[in-house]
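If you're matching them up, the sequences are chains A, B and C in order.
Once you know that position 27 of the first sequence is 27 in this note's numbering, the rest is easy, because the numbers rise by one and skip nothing.
Once you know that position 139 of the second sequence is 139 in this note's numbering, the rest is easy, because the numbers rise by one and skip nothing.
Once you know that position 233 of the third sequence is 233 in this note's numbering, the rest is easy, because the numbers rise by one and skip nothing.
Calculated directly from the structure, the hints in this document are not laboratory data.
Since this is a predicted model, take the numbers as computed values, not measurements.
By construction, the Cβ of each residue, glycine as well, lies at the ideal position given by its N, Cα and C atoms.
Don't take each hint at face value.
Said to hold, decoys possible - No farther apart than 27 angstroms at their CA atoms in a straight line, the calculated lysine-lysine pairs in the BS3-like style are these: (1) C:K64 to A:K64; (2) C:K25 to B:K161; (3) C:K64 to A:K68; (4) C:K25 to C:K240.
To be verified - Pair ranges (Cβ atoms, derived): (5) C:W225 to B:K194: 52 to 58 angstroms; (6) B:V31 to C:S140: 44 to 50 angstroms; (7) B:P30 to C:S113: 43 to 49 angstroms; (8) A:W72 to C:S167: 33 to 39 angstroms; (9) C:V54 to B:R167: 48 to 54 angstroms; (10) C:V155 to A:L90: 46 to 52 angstroms; (11) C:P126 to A:A143: 34 to 40 angstroms; (12) B:R167 to C:H170: 29 to 35 angstroms.
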Amino acid sequence: MIFLKRQLPLLITFVTGIVFAAQYYVPHPASEEMLTSVTKWLQIIGGFALILGVTSLFHIHAVKIRRKEPGWGYSFVLYAGMLGTIVIGLWGNGKEVTNGTMTAFGWIYNFMMVPLQGTMFAILAFFIASAAYRSFRARSREAAVLLAAAIIVMTGRVPLGEYLIPLSGDLTQWILNVLNASVRRAILIGISLGAVALSLKIIFGIERSYLGGGKE
Amino acid sequence: MSFAERMLQIDRRIIFLVIGLCTLIPLFYPVGLAIKVGPEVRGVYNYIESLPEGSVFLLSLDFDPASKPELYPQAVALLRHAFKKNLRVIGMTLWLPGTGMANEVITRVAEEMGKEAGKDYVFLGWSPGGSSVIINMGQDLYKAFPTDYNNQPTKDLAVLKDVKTLRDVSYVVSLAAGSTGIESWYVFGKDKYKFELGGGCTGVIAPGLYPLLRSGQINGLIGGLRGAAEYEVLIGQKGRAVAGMDAQSATHVAIIILVMLCNTFYLMLRKGQRRAGQA
Amino acid sequence: MPFDILFGAWVATGLTLFIFTFLYKDNPLFKLAEHLYVGVSVGYTIVKAYDTVVIRLIYEPMVKQGDWSLLIPLGIGSLMLARYVPKATWLSRIAFAFIVGVGSGLAIPRVISSFILKQVEDTVRPLVSIVGGSPSFTFSLLDPASNLNAVILLVGVVSVLFYFFFSIEHHGPVRIAAHTGIIFLMIAFGAAFGYTVMARMSLLIGRLTDLIEYAEPRYGRASLWLIAATVALLAAWSVKQRRQPAPPTE
Chain A
1 MIFLKRQLPL LITFVTGIVF AAQYYVPHPA SEEMLTSVTK WLQIIGGFAL
51 ILGVTSLFHI HAVKIRRKEP GWGYSFVLYA GMLGTIVIGL WGNGKEVTNG
101 TMTAFGWIYN FMMVPLQGTM FAILAFFIAS AAYRSFRARS REAAVLLAAA
151 IIVMTGRVPL GEYLIPLSGD LTQWILNVLN ASVRRAILIG ISLGAVALSL
201 KIIFGIERSY LGGGKE
Chain B
1 MSFAERMLQI DRRIIFLVIG LCTLIPLFYP VGLAIKVGPE VRGVYNYIES
51 LPEGSVFLLS LDFDPASKPE LYPQAVALLR HAFKKNLRVI GMTLWLPGTG
101 MANEVITRVA EEMGKEAGKD YVFLGWSPGG SSVIINMGQD LYKAFPTDYN
151 NQPTKDLAVL KDVKTLRDVS YVVSLAAGST GIESWYVFGK DKYKFELGGG
201 CTGVIAPGLY PLLRSGQING LIGGLRGAAE YEVLIGQKGR AVAGMDAQSA
251 THVAIIILVM LCNTFYLMLR KGQRRAGQA
Chain C
1 MPFDILFGAW VATGLTLFIF TFLYKDNPLF KLAEHLYVGV SVGYTIVKAY
51 DTVVIRLIYE PMVKQGDWSL LIPLGIGSLM LARYVPKATW LSRIAFAFIV
101 GVGSGLAIPR VISSFILKQV EDTVRPLVSI VGGSPSFTFS LLDPASNLNA
151 VILLVGVVSV LFYFFFSIEH HGPVRIAAHT GIIFLMIAFG AAFGYTVMAR
201 MSLLIGRLTD LIEYAEPRYG RASLWLIAAT VALLAAWSVK QRRQPAPPTE
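Work out the full structure: start from the sequences and follow the hints.
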């Protein structure tokens with residue numbers, strides 16, 4: 001039983017990891033067929049992962065409602081929104097539009113979800129402006145460099161800035177294409193090396209946190 | 001409390017009001033300043049322009065409603081261009097919350113350009129798995145999407161005739177709001193299946209994509225609302241992006257002024273503190 | 001104007017304004033809209049996942065086309081759900097092991113090829129060009145492919161990598177290299193901030209453009225009426241808050 005619980009998952013990770021890393025270099029039809037099938041499987045398994053993601057949310061708010069914790073009424077709104085959307089969505093076969101006509105599910109999407117999500121992120125515009133005013137100060141030479149680069153890019157990426165200071169557009173291009181690109185490239189190389197190292201650690205069973213807790 | 005200190009601690013709602021007004025006023029009274037087109041956006045435009053009629057163009061709308069103001073105008077401009085060039089258009093998304101929006105934009109622009117579903121364009125919809133969807137499409141497009149968004153078998157669609165894998169696609173453009181987008185399309189798609197790749201993205205992720213642009217891994221990049229405005233200028237059909245550019249200018253200038261004021265007050269405060277320290 | 005569109009415009013405007021009330025302070029209108037947003041989004045996700053995965057990816061290929069091999073991912077996916085059965089939690093490890101193993105295997109060669117080799121290749125370009133048999137050096141800053149820019153790019157990449165990777169004490173030339181890396185980083189962060197401001201402002205422009213559209217007579221001037229109603233509700237809530245007795249202090 002210990003083999004099934006402990007060694008088998010590590011063995012599966014090791015074998016699948018090695019096989020699919022090697023597959024990249026073996027363009028044999030059988031190898032390609034295997035890649036086709038398994039990536040198809042991953043699509044389906046990805047759907048189950050989504051279910052896992054949302055169930056914890058179900059649980060948290062169900063507990064809030066059951067215990068009538070402060071703000072439980074909002075959890076009730078959340079549940080009502082969710083169940084209402086599910087019922088209407090399944091009734092409309094999960095389609096926002098059928099035969100060129102908007103369904104009730106499409107209505108919820110277009111007039112509730114889209115504006116709500118859009119506005120949630122739009123209010124960040126106000127907070128970024130406030131944060132810029134409060135904390136964007138040239139406290140050191142490095143901070144002054146950051147400040148100058150930000151001002152140049154903000155100027156050079158809008159028509160008014162380019163009109164007032166014609167050089168700002170070209171300067172912004174240079175900053176983005178050369179200075180910014182070099183830093184982003186170094187970060188990309190660094191992150192990629194880290195990702196490859198982590199993947200190798202996972203394949204060889206050194207990194208096991210993805211297996212989570214639970215009884216052995 | 002000194003003047004500088006008072007100014008540095010003003011109610012943040014005053015700043016909110018300034019930003020709100022700077023956005024609203026230009027939307028009501030637009031000036032229409034000229035928009036210069038950069039080489040990044042021109043890269044995407046020129047490639048679509050060079051494609052012969054009937055070439056397969058795949059537009060992956062990898063964003064959700066949170067990024068709609070930036071990426072929706074890009075999608076409209078790109079689709080108008082592709083339909084005008086009589087390309088065969090395949091639409092899809094790797095982002096579940098963006099499915100309805102992606103379907104809406106493709107259908108709307110296709111109707112506007114007099115195109116027919118299944119013959120001139122198809123919307124494949126969303127599929128879970130991100131990178132594995134791309135690989136699966138590279139291996140067998142009909143297997144990755146057995147049916148389109150309207151449950152029509154993809155094998156029977158005229159628009160997908162002879163498009164068995166991503167190798168048969170002439171140009172892919174991913175409009176991305178995160179890493180499941182342009183980067184994924186390169187790593188799991190172009191790297192092996194060798195199609196040409198372009199990108200459109202939100203302003204937040206744009207600077208991070210310049211290394212791919214420089215190395216030629218993507219042949220163009222439409223960055224944020226400004227990028228969309230540049231594309232609208234190139235196709236000669238001004239839309240929401242161009243209309244928003246004056247407000248964009250005003251808010252940027254407002255923030256630059258706020259930052260300068262903040263630093264002026266900060267320097268005044270520091271000077272005052274130094275003087276007090278010497279006394 | 002069809003009723004569903006008109007009603008939709010009023011609902012969208014109302015919910016947008018409820019979220020904007022957060023700019024005044026956290027309040028019940030915002031919380032209502034916030035929770036509704038989460039609920040609707042989760043509901044949408046579940047419906048789409050059901051329609052795509054269960055119907056389009058499993059039911060139709062399996063039942064209509066007889067592709068029974070799909071029972072394998074169905075089984076692996078079901079194992080993931082064993083996480084909720086205390087005595088069978090360990091079964092979910094098998095599913096995670098498969099996903100993580102395949103994912104790692106697929107990623108390693110592709111990431112090396114795309115993000116390491118290709119990026120290094122473009123960094124180590126010839127620093128001097130050969131034109132007509134003799135070496136030449138182009139100084140144009142505006143041309144990203146000029147020799148000067150190639151040198152700057154190389155210095156930037158190396159110094160930033162140096163700053164991140166070498167944890168030895170920064171003295172002498174090491175200090176200069178690391179400090180150069182910091183300056184490059186600051187410029188990139190500044191550019192990122194500038195672009196982030198641009199992105200956030202674009203989102204606000206998008207929402208306000210919608211509100212302006214919904215203020216038109218064809219939508220019954222929804223924005224104007226609902227701004228008045230939202231401000232009134234917010235004012236009433238504010239007054240009620242002020243009238244409530246303050247909590248006793250120790």
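To see whether the hints hold, each was checked on the structure:
1. C:K64 to A:K64: violated (43 angstroms)
2. C:K25 to B:K161: violated (56 angstroms)
3. C:K64 to A:K68: Answer violated: C:K64 to A:K68 is near 48 angstroms, above 27 angstroms.
4. C:K25 to C:K240: holds (14 angstroms)
5. C:W225 to B:K194: 52 to 58 angstroms: holds (56 angstroms)
6. B:V31 to C:S140: 44 to 50 angstroms: violated (33 angstroms)
7. B:P30 to C:S113: 43 to 49 angstroms: With Cβ atoms ~47 angstroms apart, the hint holds.
8. A:W72 to C:S167: 33 to 39 angstroms: Once the Cβ atoms are compared, 50 angstroms apart, the range 33 to 39 angstroms for C:S167 and A:W72 is violated.
9. C:V54 to B:R167: 48 to 54 angstroms: violated (30 angstroms)
10. C:V155 to A:L90: 46 to 52 angstroms: Given about 59 angstroms between the Cβ atoms, the range is violated.
11. C:P126 to A:A143: 34 to 40 angstroms: holds (36 angstroms)
12. B:R167 to C:H170: 29 to 35 angstroms: violated (49 angstroms)
The structure fails hints 1, 2, 3, 6, 8, 9, 10, 12 (numbered hints given earlier, in ascending order).
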